[in-house]
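Peer 1: One letter stands for each residue in the lines below.
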Amino acid sequence: MQTWIQILMSSVSLFFLLLVAIRVMGKRNIVRITPFRFVSYIIIAVIGALMSVNMITNLALGFVALGVWVLFPIALEYLSLKSKWIHDLVNGKETVLIKHGKIMEDSLLQTRLTAEELMRELRSKNAFSLADVEFAVMEDTGDINVFMKAHKSPVSSYDLGIKVAPLAEPQTVILDGNILNEPLFSLGLNRDWLSIQLETIGVSIDNVFIGQIDSSGDLYLDLFDDAVQLPQPKVKELLYANFESSQADLTMFALETNNKAAKQMYSEDAEKLTQLMEKLKPYLLR
Amino acid sequence: MTVASQVKKTIATLKGNQATLRLYALQTREEETKSVYHEALDATGEIISDLEGRMQTLEYCEPQYKGN
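Protein chains in written order, with the numbering used here: chain G, 1 to 286; chain L, 1001 to 1068.
So here's chain G without its partners, still in its complex pose (with noise of 0.2 Å):
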């Protein structure tokens, strides 16, 4: 046989065989792995290179160091799934760094960070001065992250104390003038729904690049012509802003009444949608 069939031959086969053995060794991010890892990979891309040169003459050779360098992760990654004592000893421990805003020296050492390394991290994590940075730990894979003072980190709703309505995320069910079927069904909706909404909204198919309902059902579309303004969906501010106006006319009537009776019961009324109104505001407004 020619050399260049030969190598033509060994070089698709090993294409398709290393595609499928880094798929099975898993999707982790190549920027996040263990050293180690990244060793094993470097090892396989190297053997599989020499293969597909022909540097290795003998193949079955070449493949039995292929499997053992792909086998052993997967099969380390299995067990440490199951151990936690394996998983430390292939994956090592994270180690604390900054522990109460005080920098451990001794971590620093074991893990051969100078300090400008670690205050390079540091300010890669928004964390500028040492003093808003309450904790920070460096992980199996060498990322630093930092756990910021109470005082220092963002404002949540919990905060505030505000209550907000629990969001799902949206679901894109247009996408390039066509209608994806699957997040649609999965919504409970159908085409004769989307195409309704379409039509209400009035704009066609073919115009819209992308289209995305939200949590409380409403779709939100972007064009391909940006110069058509889309009416935004404002029902539940207008739905809120109903409540307020019936809560005014109750209050109206409680006052112009003579009746005591019909007095009471406006007033009362009007004191219930007050609560109701603001039960509703998260959800209608936030």
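Note that these hints are calculated values from the structure, not bench results.
Accuracy of the hints is not assured; some may be wrong.
[To be verified] Simulated crosslink set (DSS-like; lysine-lysine; CA at most 25 Å straight-line):
| # | chain 1 | residue 1 | chain 2 | residue 2 |
| --- | --- | --- | --- | --- |
| 1 | G | K93 | G | K82 |
| 2 | L | K1008 | G | K260 |
| 3 | L | K1034 | G | K272 |
| 4 | L | K1015 | G | K125 |
| 5 | L | K1008 | G | K236 |
| 6 | G | K163 | L | K1009 |
| 7 | L | K1008 | G | K272 |
| 8 | G | K234 | L | K1015 |
| 9 | G | K263 | L | K1009 |
| 10 | G | K236 | L | K1015 |
| 11 | G | K102 | G | K27 |
| 12 | G | K234 | G | K279 |
| 13 | G | K93 | L | K1008 |
| 14 | G | K152 | G | K125 |
| 15 | G | K279 | G | K163 |
| 16 | G | K281 | L | K1034 |
| 17 | G | K260 | G | K279 |
| 18 | G | K149 | L | K1009 |
| 19 | L | K1034 | G | K234 |
Assemble chain L onto chain G, guided by the hints.
Peer 2: This is chain L only, laid out in the frame that chain G set:
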């Protein structure tokens, strides 16, 4: 506008609100939000029935404005 027709207008607004609430209670995906909408529906229903009772009294007192 007579008192009766004002009350009628408020009833109509509240009924419209009920319809919108019912729509959102159906199409929202969050169970918690759903139950809040259902509570709101019940409360609105109570107010509507109160107003409708008052409406009958008003129509009895001022039959000349009935239907306005």
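Peer 1: Now look at each hint and say whether the structure bears it out.
Peer 2: Consistency of the hints with the structure:
Taking the CA atoms of K93(G) and K82(G), the gap is near 16 Å; set against the 25 Å cutoff, the hint holds. Distance hint between K1008(L) and K260(G) is fulfilled; the C-alpha atoms sit about 20 Å from each other, no more than 25 Å. For the proposed pair K1034(L) and K272(G), the alpha carbon gap of about 20 Å is at most 25 Å, so the pair holds. A C-alpha spacing of about 53 Å is found between K1015(L) and K125(G), which places the hinted pair above 25 Å, so the restraint is violated.
About 23 Å separates the Cα atoms of K1008(L) and K236(G), which keeps this hinted pair within 25 Å; it holds. Taken as a hint, the K163(G) and K1009(L) pair is broken in the structure, with Cα atoms around 32 Å apart against an allowance of 25 Å. Note on K1008(L) and K272(G): the hinted pairing holds, with a Cα-Cα distance of about 19 Å set against a maximum of 25 Å. A threshold of 25 Å between alpha carbons decides the hint, and for K234(G) with K1015(L) the separation of about 19 Å falls inside it, so the pair holds.
Restraint check: the Cα-Cα separation between K263(G) and K1009(L) comes to about 18 Å, which is no more than 25 Å; the hinted pair holds. Simply put, K236(G) and K1015(L) have alpha-carbon atoms about 15 Å apart, close enough for the 25 Å limit, and the pair holds. A threshold of 25 Å between alpha carbons decides the hint, and for K102(G) with K27(G) the separation of about 36 Å lies outside it, so the pair is violated. As the CA atoms of K234(G) and K279(G) are separated by approximately 19 Å, the hinted pair is consistent with the 25 Å bound.
Distance check on the hinted pair: K93(G) and K1008(L) sit about 71 Å apart at the alpha-carbon level, beyond 25 Å; violated. At most 25 Å may separate the alpha-carbon atoms for a hinted pair to count; K152(G) and K125(G) meet this at roughly 13 Å. For the suggested pair K279(G) and K163(G), the alpha carbons sit about 9 Å apart, so the restraint of at most 25 Å is met. With a CA separation close to 14 Å, the supplied pair K281(G) and K1034(L) stays within the 25 Å bound.
Between the alpha carbons of K260(G) and K279(G) the distance comes to roughly 29 Å, so the proposed pair goes past 25 Å and is violated. Straight-line distance between C-alpha atoms of K149(G) and K1009(L) comes to about 55 Å, which puts the hinted pair past the 25 Å bound. With a CA separation close to 19 Å, the supplied pair K1034(L) and K234(G) stays within the 25 Å bound.
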